[in-house]
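Trainee: Sequence:
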Amino acid sequence: MSLDRAALILHARDSIARGSKSFRAASRLFDRKTRERAWLLYAWCRACDDIADGQDHGGVMSATDDPQARLAQIETLTDRALMDIGQLPPAFQGLRIVAEECRIPRRYMDDLIAGFALDTGGWRPRTEDDLLLYCYHVAGSVGCMMALVMGVAPDDEATLTRACDLGLAFQLANIARDIAEDASAGRCYIPADWLAEAGIDPAAIMAPATRPALAGLVRRIAQLAARYEKSARRGTPALSRRSAWAVLSAAAIYGAIARKVAADPARALDTRIFTSRAEKLGHVLNAWRQARRRRWIYLPRPRDPDLWPRPV
Numbered sequence: 000m001s002l003d004r005a006a007l008i009l010h011a012r013d014s015i016a017r018g019s020k021s022f023r024a025a026s027r028l029f030d031r032k033t034r035e036r037a038w039l040l041y042a043w044c045r046a047c048d049d050i051a052d053g054q055d056h057g058g059v060m061s062a063t064d065d066p067q068a069r070l071a072q073i074e075t076l077t078d079r080a081l082m083d084i085g086q087l088p089p090a091f092q093g094l095r096i097v098a099e100e101c102r103i104p105r106r107y108m109d110d111l112i113a114g115f116a117l118d119t120g121g122w123r124p125r126t127e128d129d130l131l132l133y134c135y136h137v138a139g140s141v142g143c144m145m146a147l148v149m150g151v152a153p154d155d156e157a158t159l160t161r162a163c164d165l166g167l168a169f170q171l172a173n174i175a176r177d178i179a180e181d182a183s184a185g186r187c188y189i190p191a192d193w194l195a196e197a198g199i200d201p202a203a204i205m206a207p208a209t210r211p212a213l214a215g216l217v218r219r220i221a222q223l224a225a226r227y228e229k230s231a232r233r234g235t236p237a238l239s240r241r242s243a244w245a246v247l248s249a250a251a252i253y254g255a256i257a258r259k260v261a262a263d264p265a266r267a268l269d270t271r272i273f274t275s276r277a278e279k280l281g282h283v284l285n286a287w288r289q290a291r292r293r294r295w296i297y298l299p300r301p302r303d304p305d306l307w308p309r310p311v
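Numbering that gives the first Met the number 0 numbers the first residue of the sequence shown as 0 and each following residue consecutively.
These are computed hints drawn from the structure, not numbers from a lab. Fair warning: this is a prediction, and the values are worked out from it, not measured in the lab. By construction, the Cβ of each residue, glycine as well, lies at the ideal position given by its N, Cα and C atoms. Among the hints, erroneous ones may be present.
[To be verified] Label pairs and their calculated CB-CB ranges:
id, residue 1, residue 2, range
1, GLY120, ALA265, 39 to 47 Å
2, GLY281, ASP30, 19 to 27 Å
3, ASP263, ALA203, 16 to 24 Å
4, ARG125, SER239, 22 to 30 Å
5, ASP305, ARG27, 31 to 39 Å
6, ARG240, LYS20, 38 to 46 Å
[To be verified] With a Cα cut of at most 30 Å, we get these calculated DSSO-like pairs of lysine-lysine:
id, residue 1, residue 2
7, LYS259, LYS229
8, LYS259, LYS279
9, LYS32, LYS20
10, LYS32, LYS279
11, LYS229, LYS279
12, LYS20, LYS279
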């Protein structure tokens with residue numbers, strides 16, 4: 000059954016409330032129009048992720064009977080949404096609306112779906128560039144789409160690149176935090192050449208004998224996340240104050256996770272790292288002050304040429 004816009008927004012609001020406390024908190028800082036569009040985009044991303052992984056809003060991962068069939072389902076539903084064909088689940092109905100209103104190019108959606116394809120195919124990165132390309136597919140592409148939701152012009156490549164950097168930072172923070180969880184599900188996002196340098200068997204990364212070496216690689220990923228977070232902040236002067244507030248809040252909250260992991264990577268292998276409610280509130284308040292002064296704090300500066308180049 001097709002739902003009206005108000006019903007789709009309520010569905011999307013419920014999706015983000017169940018799926019990510021951090022993103023939900025940041026989304027509340029947008030103006031109403033941007034917030035609703037962000038929810039609609041999030042709901043589609045979450046639905047695709049759930050279909051691909053056979054899970055429900057970040058719950059325990061389980062093996063899928065036919066991963067390729069799940070990927071094909073994502074592609075078909077997305078195609079039908081953009082072509083306005085037939086009845087669709089609410090998340091895909093919402094995609095139709097936000098894609099049209101924000102003129103989101105199809106290539107960003109395809110790039111995200113390609114990331115799901117990497118996961119369903121059991122892909123593992125060989126190099127740091129491979130890791131960053133994966134992070135682009137599953138998060139950097141979303142950063143670009145979110146920038147468009149916030150009113151960035153589709154041809155503003157500089158700001159889109161900074162938005163991509165934020166997506167990379169988020170995903171790298173997630174990877175650094177979730178090494179043990181991913182390993183239990185048969186996944187490893189640490190580049191093979193890093194593992195080889197550290198003398199870690201890719202088939203047994205959680206082996207007790209190599210835990211100290213693994214902790215060093217976890218710290219390395221968390222520090223990489225910090226580099227991209229720093230770059231992403233330079234894009235906020237192009238945003239409205241409310242949007243910059245939301246972005247800087249999310250950057251700080253996820254950045255705090257990465258910093259905690261970097262400070263004690265061995266603990267991150269045994270305990271899930273998170274930010275408390277009080278910490279989140281502190282980051283949001285500090286982000287408001289930064290958003291008000293963003294044009295002075297984040298003066299124009301060329302992007303570090305050593306950072307990974309976004310596909311254009």
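Trainee: All hints are to be evaluated individually against the structure, with a verdict given for each.
Mentor: Consistency of the hints with the structure:
Hint check: GLY120 to ALA265, Cβ distance near 31 Å, so the stated range 39 to 47 Å is violated. Checking the proposed 19 to 27 Å range against GLY281 and ASP30 shows it holds: the Cβ atoms sit about 23 Å from each other. The hint said 16 to 24 Å for the Cβ distance between ASP263 and ALA203, and at roughly 23 Å that hint holds. Our hint of 22 to 30 Å for ARG125 and SER239 is violated, since their Cβ atoms are close to 41 Å apart.
In this structure the hint that ASP305 and ARG27 lie 31 to 39 Å apart at CB holds, the actual value being about 35 Å. The hinted range of 38 to 46 Å is not satisfied by ARG240 and LYS20, whose Cβ atoms lie roughly 24 Å apart. With a C-alpha separation of about 16 Å, the suggested pairing of LYS259 with LYS229 holds against the 30 Å cut-off. A C-alpha spacing of about 14 Å is found between LYS259 and LYS279, which places the hinted pair at or below 30 Å, so the restraint holds.
Only pairs whose Cα atoms come within 30 Å are accepted, and LYS32 paired with LYS20 is accepted, the gap being roughly 20 Å. Pair hint LYS32 plus LYS279 holds up; C-alpha atoms about 24 Å apart against a cutoff of 30 Å. At most 30 Å may separate the alpha-carbon atoms for a hinted pair to count; LYS229 and LYS279 meet this at roughly 18 Å. Distance check on the hinted pair: LYS20 and LYS279 sit about 10 Å apart at the alpha-carbon level, within 30 Å; holds.
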